[in-house]
Amino acid sequence: MQDFAHSFVLAGNLILQADAALVEIVGLSLQVTATALVVSAAIGLPLGAILAIARFPGRMVLVVLSNALMGLPPVVVGLTVYMLLSNAGPLGVLGLLYTPTAMVIAQSILITPIIIALTRQVIADLHQDYSDTFRSMVVPGHTAVAALLWDARYSLMTVLLAGFGRAIAEVGAVMIVGGNINHVTRVMTTAIALETSKGELALALALGIVLLLIAFAVNGSVALLRGAERSLVRV
Amino acid sequence: MSEVLSFPGHAPLKARTGRSALPLSVRQLTFRTEGIDILRGVNLSLESNDLTVLMGPNGAGKSVFLRLIHGLLQPSSGDIRWDGAPLSKAVRRSQALVFQKPVLLRRSVRANLSFALGLRGFVNRSARLEQALADSGLADLADRPARVLSGGEQQRLALARALILDPKVLFLDEPTANLDPASVLMIEDVIGRVRASGVKIILVTHDAHQARRLGEEVVFLHKGRVSEHSPADLFFNQPQSAEAEAYLNGKILV
Amino acid sequence: MKLVKFLCAGFLAAGIVLTGPGLTAQATDFIVVQSTTSTQNSGLFDAILPEFEEKTGIDVRVVAVGTGQALKNAANGDGDVLLVHAKPAELTFVADGFGVERLDVMYNDFVIVGPADDPAGIKGMTDAPAAMKQIAGAEAVFASRGDDSGTHKKELALWTEAGIDPADASGTWYRETGSGMGATLNLAAGKGAYTMSDRATWLAFNNKGNLAILAEGDDRLFNQYGIILVNPDRHPSVKAGLGQKFIDWLTGPDGQKAIASFKIGGEQLFFPNARGSTTN
Ligand SMILES: Nc1ncnc2c1ncn2[C@@H]1O[C@H](COP(=O)(O)OP(=O)(O)OP(=O)(O)O)[C@@H](O)[C@H]1O
Ligand SMILES: [Mg+2]
Chain A
434 MQDFAHSFVL AGNLILQADA ALVEIVGLSL QVTATALVVS AAIGLPLGAI
484 LAIARFPGRM VLVVLSNALM GLPPVVVGLT VYMLLSNAGP LGVLGLLYTP
534 TAMVIAQSIL ITPIIIALTR QVIADLHQDY SDTFRSMVVP GHTAVAALLW
584 DARYSLMTVL LAGFGRAIAE VGAVMIVGGN INHVTRVMTT AIALETSKGE
634 LALALALGIV LLLIAFAVNG SVALLRGAER SLVRV
Chain B
118 MSEVLSFPGH APLKARTGRS ALPLSVRQLT FRTEGIDILR GVNLSLESND
168 LTVLMGPNGA GKSVFLRLIH GLLQPSSGDI RWDGAPLSKA VRRSQALVFQ
218 KPVLLRRSVR ANLSFALGLR GFVNRSARLE QALADSGLAD LADRPARVLS
268 GGEQQRLALA RALILDPKVL FLDEPTANLD PASVLMIEDV IGRVRASGVK
318 IILVTHDAHQ ARRLGEEVVF LHKGRVSEHS PADLFFNQPQ SAEAEAYLNG
368 KILV
Chain C
128 MKLVKFLCAG FLAAGIVLTG PGLTAQATDF IVVQSTTSTQ NSGLFDAILP
178 EFEEKTGIDV RVVAVGTGQA LKNAANGDGD VLLVHAKPAE LTFVADGFGV
228 ERLDVMYNDF VIVGPADDPA GIKGMTDAPA AMKQIAGAEA VFASRGDDSG
278 THKKELALWT EAGIDPADAS GTWYRETGSG MGATLNLAAG KGAYTMSDRA
328 TWLAFNNKGN LAILAEGDDR LFNQYGIILV NPDRHPSVKA GLGQKFIDWL
378 TGPDGQKAIA SFKIGGEQLF FPNARGSTTN
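Residue numbers (the working numbering), protein chains in the order written: chain A, 434 to 668; chain B, 118 to 371; chain C, 128 to 407.
I should point out that these hints are in silico values taken from the structure, not numbers from a laboratory.
Just so you know, not all the hints are guaranteed correct.
Claimed, not checked - Taking lysine to any residue pairs in the SDA-like style, the calculated list, with each CA pair at most 20 angstroms apart, reads:
#  : chain 1 : residue 1 : chain 2 : residue 2
1  : C       : K199      : A       : L512
2  : B       : K218      : A       : D565
3  : B       : K206      : A       : H575
4  : C       : K199      : A       : V526
5  : C       : K199      : A       : G522
6  : C       : K199      : A       : Q561
7  : C       : K335      : A       : A438
8  : B       : K340      : B       : S194
9  : C       : K318      : C       : Q261
10 : B       : K218      : A       : D562
11 : B       : K218      : A       : Q561
12 : B       : K218      : A       : G528
13 : C       : K250      : C       : A339
14 : C       : K280      : C       : S297
15 : C       : K366      : A       : I614
16 : B       : K206      : A       : V571
17 : C       : K366      : A       : A521
18 : C       : K199      : A       : G605
19 : C       : K199      : A       : L529
20 : C       : K384      : C       : E178
21 : C       : K366      : A       : G528
Unchecked claim - Computed footprint of chain A on chain C, listed as stretches where at least three residues anywhere in the stretch have a Cβ under 8 angstroms from a Cβ of chain A:
#  : stretch
22 : 158-172
23 : 202-210
24 : 289-300
25 : 308-314
C-beta: ideal position from N, C-alpha, C; glycine also.
Sequences and hints are given; from them, build the entire structure.
Pasting the structure below:
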């Protein structure tokens, strides 16, 4: 198909010329998603670890809940955040609607359950290894959580990458709460949606290719970081 | 004597004051899992600091017994007391167990030791750490990830990690299985010095020679029961129970 | 050391987060305009807004959604100005107290497009309902927005006039895309379907395939755009002063001239017709 080849040429040109609009959009995408990831990790990693090792009533409910919420439809998250941040909503006074912050909130809500659920699984597996040793040494709960998170850091990087991938590729939620405003809240995915609706399929696909390249770059650098250490530390 | 005191950097080892952990008193201890009685009515009383060797055929329940008296398993029935007190975190904190299959943290050798050190309010941590590395012969491997160590090195690290906690009671579950003769010697040397510093040691081993070298008393476990508890000399020269005699003669016990 | 590398990675992430302009920078003065995808997709805003922004220093942030959603968002106070093309709904919006007043801004028209080989034979017709009746008679595939937008409402009105209830045929020859004009045109191009589009989106649309304009020129295809200041009495957060400035400019000589001079391929897309407040 002609559009397809054209897209690769377009994508190449956009990148090589460091197209100003593209740089801005890519920058905002990374910024919003990186922030959402930091927020989600700060909440999801400890919570996932606690769910993995603590025994308390209602724990199974939370486990099932976080697993189920992994499949949250972005549009539902977007609508919910919109209703909260709308001027007619309870948090309207904050004036966050149609700002990057609103997008960060939406993406955080979207991926925190993923981070929690996957972290819980990773930590539970490692804890099975460690639990007798920890109990024998009488390791306090918070120390155990920290130690498990640290020792599972390579697997957890994959967990964070899963969250990053879902957040940066998501369009439904950021479209609703960000509004796809040029120079303010336009990110890669909403730009792709916009170009598609203008019938600029080649350009839309080119942007998609750039998005893919970014995903490759992020995953690649993490793999390099891991590889460098894995050569020393084999599980 | 001064050499004895220099072992794993613990000055406190020598001047052990305060209440002793002993005696250990086990009454009618039963442990049942999946409908099978693994221990059935074990009675045992350990009163002195003598090094106790726990022997018995595979599956006799030795490892389970250590876990029970260390408080890692809940007995199905019966009573365990250390110096009159029931098991608790505080009791466990004064003990250390080197597992039959030690689990090391996915970190460097040094980090494994410093993690353990950080658990207790020790002063002078870095000096203790360097001392422990030197004493266990792991100084050259300090920055190596623990999980790539050889089996023998891992055993040594597990022992060093247990000792750095400065326990009053030390459980060793086959600490020299699968080791080469030099490593066995090294670990036995360490055990001897720890014993001399006044720590109560309960050692599981299948190695009769090792048991003779180190043991002061022997507890023989068979089919979930204590079938013999006697001084080491007596046990090895004149075993009182038929099971122990068969075991020592290399006869398979079912 | 590992720790160092991890800290580096952490700082890198934090750096991306903090140094970028988007999260921290706030333009001093801006308004939010709730408008429609068709208006945005035509490129009109990109063409005319810089002039206003330069003149006043007010940043105009356009949120482009379907008319229905734009009305709803504006009713929630999530915008200062509403610029859509669904007159009855706009008048209701004002009557319900959500808007201050409605002003005409400009118009363009709708066209009926379809595959060039025209299986329903409507080419050259100027009677829109009649053309649509013919499409229905031929059971030729027709792509409808189906999204409660201004365009969708207009299309439904034409079906009613043609005496046809397309809902009966939903899923057979009548396809409701539930999405914007662009997506609907993409579908029509892909399936060789008929559809109704506003002329501006059609002209700016870049994936026409073998679609062509087949019927146009009916008065009933007239498409009036109106502008409304969201009622600050309802929502105190509305920037009435700035919003009014934008409305004054757009309906004033400068804005009207800017609209008229916006062309694609030499063709004018929107025809300014502001004449003060409308009363009907
Ligand atoms: N968690 C458990 N669940 C079920 N059975 C268990 C469990 N732990 C131990 N057992 C069983 O209890 C018995 C005693 O096990 P234990 O590990 O104490 O043997 P041991 O005396 O240490 O043997 P070895 O000399 O081989 O180490 C075995 O038959 C074992 O299969
Ligand atoms: Mg065992």
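Hint-by-hint comparison with the structure:
no.: 1; hint: K199/C - L512/A; in the structure: holds (13 angstroms)
no.: 2; hint: K218/B - D565/A; in the structure: holds (11 angstroms)
no.: 3; hint: K206/B - H575/A; in the structure: holds (16 angstroms)
no.: 4; hint: K199/C - V526/A; in the structure: holds (18 angstroms)
no.: 5; hint: K199/C - G522/A; in the structure: holds (13 angstroms)
no.: 6; hint: K199/C - Q561/A; in the structure: violated (52 angstroms)
no.: 7; hint: K335/C - A438/A; in the structure: holds (19 angstroms)
no.: 8; hint: K340/B - S194/B; in the structure: holds (17 angstroms)
no.: 9; hint: K318/C - Q261/C; in the structure: holds (19 angstroms)
no.: 10; hint: K218/B - D562/A; in the structure: holds (11 angstroms)
no.: 11; hint: K218/B - Q561/A; in the structure: holds (14 angstroms)
no.: 12; hint: K218/B - G528/A; in the structure: violated (59 angstroms)
no.: 13; hint: K250/C - A339/C; in the structure: holds (9 angstroms)
no.: 14; hint: K280/C - S297/C; in the structure: holds (16 angstroms)
no.: 15; hint: K366/C - I614/A; in the structure: holds (18 angstroms)
no.: 16; hint: K206/B - V571/A; in the structure: holds (7 angstroms)
no.: 17; hint: K366/C - A521/A; in the structure: holds (15 angstroms)
no.: 18; hint: K199/C - G605/A; in the structure: holds (18 angstroms)
no.: 19; hint: K199/C - L529/A; in the structure: holds (18 angstroms)
no.: 20; hint: K384/C - E178/C; in the structure: holds (11 angstroms)
no.: 21; hint: K366/C - G528/A; in the structure: holds (12 angstroms)
no.: 22; hint: 158-172; in the structure: holds (count 4)
no.: 23; hint: 202-210; in the structure: holds (count 4)
no.: 24; hint: 289-300; in the structure: violated (count 0)
no.: 25; hint: 308-314; in the structure: holds (count 5)
Checked against the numbered hints given earlier, this structure breaks hints 6, 12 and 24; the rest are met.
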